[in-house]
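2 protein chains.
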Amino acid sequence: MLEWLAAFGGTASGGVTRLLYSDTWIQAQQALKKVMQAKGLDVRFDEVGNLFGRRIGVEEPESVILTGSHIDTVKDGGEFDGAYGIVASLMAVQRLYEQYGPPKRTIDIVSLAEEEGSRFPLTFWGSGWITGRYNLDQAEHIYDKDGISLKEAMEGAGFGAKPMPIERKKPKAFVEVHVEQGIVLERKKKSIGIVSHIVGQRRYTVHFKGESNHAGTTPMSMRKDAMRLMAEWTVFLLTEAELLDESLVATVGKVTAKPNMPNVIAGEVECSLDARHYDSSVLDRFEKKIEEFETHVKTRGMTMSTQRWMSIEPVKLDQAMMKSAARQAKHLGLSYETLISGAGHDSQVFGGYCPTMLLFVPSRHGISHSPDEWTEPDDLEKGIQMLMGELYTLAYV
Amino acid sequence: MLEWLAAFGGTASGGVTRLLYSDTWIQAQQALKKVMQAKGLDVRFDEVGNLFGRRIGVEEPESVILTGSHIDTVKDGGEFDGAYGIVASLMAVQRLYEQYGPPKRTIDIVSLAEEEGSRFPLTFWGSGWITGRYNLDQAEHIYDKDGISLKEAMEGAGFGAKPMPIERKKPKAFVEVHVEQGIVLERKKKSIGIVSHIVGQRRYTVHFKGESNHAGTTPMSMRKDAMRLMAEWTVFLLTEAELLDESLVATVGKVTAKPNMPNVIAGEVECSLDARHYDSSVLDRFEKKIEEFETHVKTRGMTMSTQRWMSIEPVKLDQAMMKSAARQAKHLGLSYETLISGAGHDSQVFGGYCPTMLLFVPSRHGISHSPDEWTEPDDLEKGIQMLMGELYTLAYV
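Line by line, the protein sequences are chains A and B. Here the numbering used here = 1-based position in the first sequence + 1283. Here the numbering used here = 1-based position in the second sequence + 1283.
Since the hints were derived computationally from the structure, they do not count as laboratory data. Treat the hints loosely; a few may be bogus.
The list makes no distinction among identical chains, and a pair is therefore deemed to hold if it is satisfied within one copy or across any two copies.
Said to hold, decoys possible - Taking lysine to aspartate or glutamate and the EDC-like style, the derived pairs with C-alpha atoms no more than 20 Å apart in a straight line are:
| hint | residue 1 | residue 2 |
| --- | --- | --- |
| 1 | K1606 | D1325 |
| 2 | K1537 | E1551 |
| 3 | K1541 | D1359 |
| 4 | K1471 | E1575 |
| 5 | K1452 | E1494 |
| 6 | K1541 | D1655 |
| 7 | K1492 | D1359 |
| 8 | K1471 | E1494 |
| 9 | K1428 | E1286 |
| 10 | K1572 | E1523 |
| 11 | K1537 | E1553 |
| 12 | K1471 | E1596 |
| 13 | K1455 | D1325 |
| 14 | K1316 | D1420 |
| 15 | K1606 | E1620 |
| 16 | K1541 | E1553 |
| 17 | K1322 | D1562 |
| 18 | K1507 | E1529 |
| 19 | K1507 | E1525 |
| 20 | K1492 | D1325 |
| 21 | K1507 | E1469 |
| 22 | K1507 | E1523 |
| 23 | K1507 | D1562 |
| 24 | K1571 | E1620 |
| 25 | K1507 | D1528 |
Can you make the complete structure from the sequences, with help from the hints?
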């Protein structure tokens, strides 16, 4: 089923490109709609193109358990990220129905319109719409690289123009399974990750300014070497990150030097800093360390500036649901690990809205957002079993 | 006269581009030839296009004092680098003649064909030819970026094909004045630099290999971060350079990271290292420090490779001539500083061949190889006075 879904937007390199409201995105949602209908689910799209397949509860139809993930991908992404969560929900709900009949409470399977932010400079459009974080007005002022607004693109795909009447009633719970996109489960040889937090993210652009000079004729004592300053800053900050908290991750992934010549002292260096932790106060303390270094720089006759251009708050997921997941894993005889998600997920939007559970299955070598994304079928199956158990607890008991 | 010469190859940005054997190069050499003839000098080109203007000595015509610098420039270079040395020699020789008549010993003013290595991957073609470092055979196998061989280009400019009969007799001395291309004279407020050594240069390309991974989902303890490794190496090596010897300069000027994205741990980083000192043994000891770090890297599960792609030996200039220059500066009431040249010069080729003197005048802000290259006329004049004094000592006394 994952392979079938990956064909909508399949790329030459074996990956998938399914950007929000593109033709391949529309085809994938329409194909999923047919699958849901064939399984006897009540199917509907909401105003922004989130697709729901509903199995009505026979005792408490108003109580809705929401489960699913996102249908969009990054450019030339893999076939598991997002899609696996939708497929797992479809299979779990179908198996439960075949085994136990209709649920007591309603289950909504959702194929969320957008999570990745690959087409528009905005992430979580699907879950953000459901939870009320975004509204239609915002869609007018966000553009893709071709200058098409989110609103235009949405209307082009047949959504948005005429809001359909739909109650925005809070679900009793949201449950998502997803590939880990990390190496922890693989390294620790565990089958299931139970996510306790989704990290907060802060991203910075850092600019170091020294003086460009001849590499041969400028004595070390007369230099204002921006490359050296950047190196000192990198060593200092990453070491501080390790000392501050073992769950803090900090990355300097991008660097550009000017004039970037072997025989010229770099006058300017710009680099990125990405810091993530599940506790904002740790990110605050880390930010203090950046300021500490800035003070130190002034004493050396150079300047640096740090611009924070992204700040996403961390989310703590529902503890009762985590405990339930741990019981479920033990019951099924599956090894598990409590994890912090270092990547963003729809669950972080739902996490602030309703009780939310996020489960991971291993990612081979931690690779994601790549045609090389892979999870063994056995591991995919274990994720579905976990989801079945949880949906049973939430909707059948 | 410098402005006049800069017009041959003048660029839109106010700089000069005069690559070896180009039309503008030919025009500049021919124009200089006419100036030399107008001053009553015996003029000739050698096989490779070095231009000589001779003032015959009346007592020891066989003893030749050679003075001058190079006529070629880098792309969009300045009007002082090289050209000033030729102009200064012309003016000094002319003034001496006007004041004292013909010299006892012969003075040859030379406008050297090539020093910069801007067109062909070869430097010091002019001085290298005179001193026997290069021969015509080598010219066949060196190509510019358009695939034209040095031999073809030389023949196209009217040289090389028919070696003219010229005795390659060692001059008694070579004297060159040049702009410093550094900030030492300016910072120390000195008029004249007396060069004691021209540094040896070693250049390396250094490659760090770690593992590219997700910046959010990879704990610090599981990372193989090539950017961090590069930063640690840079801090370590530049600190070691300072500790090793105050005259050692080391520069990491160029860096490239892969995939160079803010939210991905860099799997590979490549950077440059440029190290210079006037004593080879110091450069050897510095190289040992690189090896020390390589050992350290292995213990961290990453790899690095260091490729040395340039190695130029240092040159010590003539001490008696340095002392003479110091006396001359005192005599003229000019402030001076004994300097090590961190840049390469024709004097380093002559330095291993005959007694050689290299004098510097200040460069504003140390800028060279740029249209912004500038030396105050007063400072240019002081350089000419020093040269007059030295040529008087060498050729008239």
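Hints not upheld, ascending by number:
As far as the earlier hints go, 1, 4, 5, 7, 9, 12, 14, 17, 20, 23 and 24 are violated by this structure, in ascending order.
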